[in-house]
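Single-letter residue listing:
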Amino acid sequence: MTDYPLDPAILERVQKLIASVLRIPVAKIGVTTALIAELGAESIDLLELRFMLEKEFEVKIADRELQESAKKFTQDDIANKFCAGIITWDMQERLKHREAL
Amino acid sequence: MIAVVAGGTRGIGRAVAERLARMGATKLYLGYAQNDEAAHACAKGVRVPVELIRANLGDEAGVADFVSRVQEDVNVFVHAAALGAFKPLLDVKANQWDLTMNVCARSFQLLLRGLKGRLCAGRARVVAISSLGAAHVLPSYGAIGAAKAALEAIVRYAASELAPEGVRVNGVAAGLIESPALEILKAKGVDVEVARKLTPMGRLGRADDVARVVEFLVSDLAEWMCGQIVVVDGGLSLL
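Protein chains in written order, with the working numbering: chain A, 1 to 101; chain B, 102 to 340.
A hint or two may mislead.
[Unchecked claim] DEER-style ranges, computed between Cβ atoms: (1) A:Glu58 <-> B:Arg307: 25 to 31 angstroms; (2) A:Ala27 <-> B:Ser320: 56 to 62 angstroms; (3) A:Val59 <-> B:Val238: 28 to 34 angstroms; (4) B:Ala162 <-> A:Glu68: 22 to 28 angstroms; (5) B:Leu299 <-> A:Glu54: 23 to 29 angstroms; (6) A:Ala19 <-> B:Glu262: 34 to 40 angstroms.
Hint data in this document are derived by calculation from the structure and do not stem from the laboratory.
Quick reminder that beta carbons are idealized off the backbone N, C-alpha and C, glycines included.
Throw the hints in and build the complete structure from the sequences for me.
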């Protein structure tokens with residue numbers, strides 16, 4: 001696992017967004033659940049998720065940032081990413097920073 | 102001329118933006134959802150003042166944000182925004198269906214609602230970009246085809262409701278066009294060579310083939326056209 005602190009509030013909000021996009025129960029989305037390999041997300045789902053994350057957290061997410069992140073995510077990758085492989089620690093910091101404003 | 106192009110930085114939308122610039126547009130509002138690089142390249146390339154609007158038109162708040170950015174009366178509005186699930190119809194999931202319909206069709210109605218005052222004040226000419234997939238079966242195009250059919254219906258109703266206000270609304274149904282969307286179809290295994298061979302004019306369409314018809318529709322030459330969908334496909338739909 002990782003030494004980085006996982007923000008439970010952000011995790012919960014991201015899990016809810018993923019659940020609403022994929023229309024699955026929140027309980028199916030664990031910290032290490034792979035969005036593509038395990039939940040069957042497709043590129044159009046990731047694009048929608050990006051739109052929703054940008055709106056929810058009022059941040060800008062770069063083109064293909066989620067797609068690339070999710071594609072490369074494996075269970076061994078939790079040191080770098082969490083929440084279905086789409087949230088990097090760097091992104092969590094950006095989300096938290098925005099929340100603090 | 103003040104012009105708004107939703108989905109105006111790539112493919113057909115970009116070709117339309119370039120045509121409008123050459124027609125004398127004094128300012129272009131160009132909407133896009135992704136690919137910042139292409140958007141900035143487009144803004145630099147058209148050589149008239151451009152305001153880029155990055156917005157998710159699949160979302161009501163995103164449309165409202167788009168509308169709020171348009172600060173002048175509008176003379177030309179082109180809806181070229183399209184995004185969707187390229188897959189067999191029965192494989193399309195509910196969220197993918199909703200996003201496809203919302204971006205391709207609902208956003209046109211919401212943008213017309215939001216911009217109505219500015220469109221009427223500018224006696225605007227409006228064109229929606231549809232595709233052959235609205236009336237014909239194309240591989241992996243079921244959701245987008247349905248959304249484009251809805252878009253064409255909106256064209257007819259909006260044309261009827263806005264004509265008395267001096268706003269003309271028409272549409273263009275494009276055949277297979279060499280564009281980012283076609284690259285997605287190719288990646289899905291669709292053999293576009295078949296379409297090329299079947300097309301009486303012997304080639305796939307280019308974005309500017311469509312943009313030229315848009316130029317006609319927004320010009321005074323099309324003054325008596327109202328609520329029509331013009332097919333631009335090199336004759337592919339004749340077969």
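Verification of the hints:
1. Under the hint 25 to 31 angstroms, the C-beta atoms of glutamate 58 of chain A and arginine 307 of chain B, about 39 angstroms apart, miss the expected range.
2. One distance hint, 56 to 62 angstroms for the beta-carbon pair alanine 27 of chain A and serine 320 of chain B, holds here, with the actual separation near 58 angstroms.
3. Separation of valine 59 of chain A from valine 238 of chain B is about 41 angstroms and departs from the stated range, judged on CB atoms against 28 to 34 angstroms.
4. With their beta carbons about 27 angstroms apart, alanine 162 of chain B and glutamate 68 of chain A fall inside the hinted range of 22 to 28 angstroms.
5. Between leucine 299 of chain B and glutamate 54 of chain A the C-beta distance comes to about 42 angstroms, which lies outside the given range of 23 to 29 angstroms.
6. At about 39 angstroms, the CB distance of alanine 19 of chain A to glutamate 262 of chain B agrees with the hint of 34 to 40 angstroms.
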